[in-house]
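Each chain is listed here by its residues.
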Amino acid sequence: MRRIASIVLAVALACAAVALQAAHWSYTRAYGPFVKSGRIGRTVTEPLFTIRVDQVDSARTISIPGTEYTKAQEIPANGVFVVVLATIEARRSLVYAGQARLHTRYGDYFPTDKLGGGGGLSKPLVTPLSYVRFQPGMPRRGAYVFDVPREAVAGARLYVSDHDAEDAPFGFYRDDPRRFADEVHVDLGLDPAEAARLTRPPPIGYSVPEPS
Amino acid sequence: MTVCLTSFHIVDDAVRLPSSLVHPRARVAGYATAAVLVVVGTLWANGGLDSAGTPVRAGPGKEIDQHLFHTRLVGAHVTTVKKFGENTRMLVVNAWVTNPTRETLGTYGTDDNVFGHGVFLHWRSQDGPRPEPIDAQAIAGDTLFRSLQPRLPTYVAVQYRLAAATRVPDHVTVALADYERTESGILDPRGYWEWKARRHETRYETNPLTHKSGRVTHIIPVLVADVTLPVRR
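Protein chains in written order, with numbering that gives the first Met the number 0: chain A, 0 to 211; chain B, 0 to 232.
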């Protein structure tokens, strides 16, 4: 009897060990950002910055005017460009709103790198808000530009955090800019009808504004 | 307590045969059977002896599932372009690449999970020095970029620098690696993508940047396809 009890106990302990190893919190629950939600047209206040999404536009192509050193360009979208115009202001000290993503049912889209400036080694053709360093008392209005499939537009939300890739010294394996960041989730009001209106037919030759 | 223990011994001895009565050959057979059962059980629990498989042979235009990328190699050509400030003769392999995951990936870079790192050129030594992979860029119109956004088919040019003595044959064969998602563990449970390993190789190497030496383990990837492409000149 005692032997049977020992065997049962050993098997139960082994099962418990395997179950404990397999069960862990999701990454977001364990390390995820501190989220504050908002919606288009309303200001969301985070400890380090405020953001208000003013408008969402779409485009098939983006026009870049020529300069003294570069010729004019027409940049095509692989899907459709979603241009999110927002106003951001730092609250206490200099801050980047460097991590922006368009969260859709297909996944998370980073701002397009078709405007250049990859890796921070060169100046982008148009400066997106993720490249701007905001200062207290000086709100700036500009754009985040995403290239997404048309089917991904409905229900899309803007995620913006105050961390950037160099600002996350946590983690054993890799730095993660989202760990313990303050993150804003903005409902862009893109219900299916609005998404259909936005993407049918998107204009060509859209001019992305530089941060004001 | 003592009585109980004694009675257990009595029962036990009554059931078990004295070891001297078990034939030595039968005992060996029993051990061998037990060993086989343990090995088979372990293999079953670990998914068995998974065959690395042989890469599928394909021509241009066939979609290959690399799990991290869905890739359709469409052609190759030799060209001279200005790269890093100087005119460079290059072999360019073109592909339509779709990222089926929910995260933005890249065409080239320092991470393992970029498209360019899973494309290998078969090369015969009689054709001269092996072309050197230097970049993989996405193209839209005249715009070059490096992001592979989820579910957005993207045209990519994988670029190999050609030495002066390199002769490019009329057809080249390109192998594509298979990828798998790996859980990194409780400290970083996001997981990451890397080559599916056919085997691992450990070598003693010196890092060219830090000049530190040590044993480095490399993944030798499973190849999902060998795609033969005609080369335009």
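One should not assume that every hint holds.
To list a few chain B residues with every Cβ distance to chain A over 10 Å, as calculated [claimed, not checked]:
| hint | residue |
| --- | --- |
| 1 | P54 |
| 2 | R214 |
| 3 | V221 |
Chain B regions said to be covered by chain A (calculated; three or more residues, Cβ under 8 Å) [claimed, not checked]:
| hint | stretch |
| --- | --- |
| 4 | 31 to 39 |
| 5 | 151 to 159 |
| 6 | 170 to 181 |
Below are the DSSO-like pairs computed for lysine-lysine, each with C-alpha atoms no more than 27 Å apart in a straight line [said to hold, decoys possible]:
| hint | chain 1 | residue 1 | chain 2 | residue 2 |
| --- | --- | --- | --- | --- |
| 7 | A | K122 | B | K61 |
| 8 | B | K61 | A | K70 |
| 9 | A | K70 | B | K81 |
| 10 | A | K35 | A | K70 |
| 11 | A | K122 | B | K211 |
Simulated from the structure, these hints should not be mistaken for lab results.
All residues carry an ideal CB built from backbone N, CA and C; glycine is no exception.
Worksheet entry | Contradicted hints - numbers only | Hint check: 4, 6, 7, 8, 10, 11 fail, others pass.
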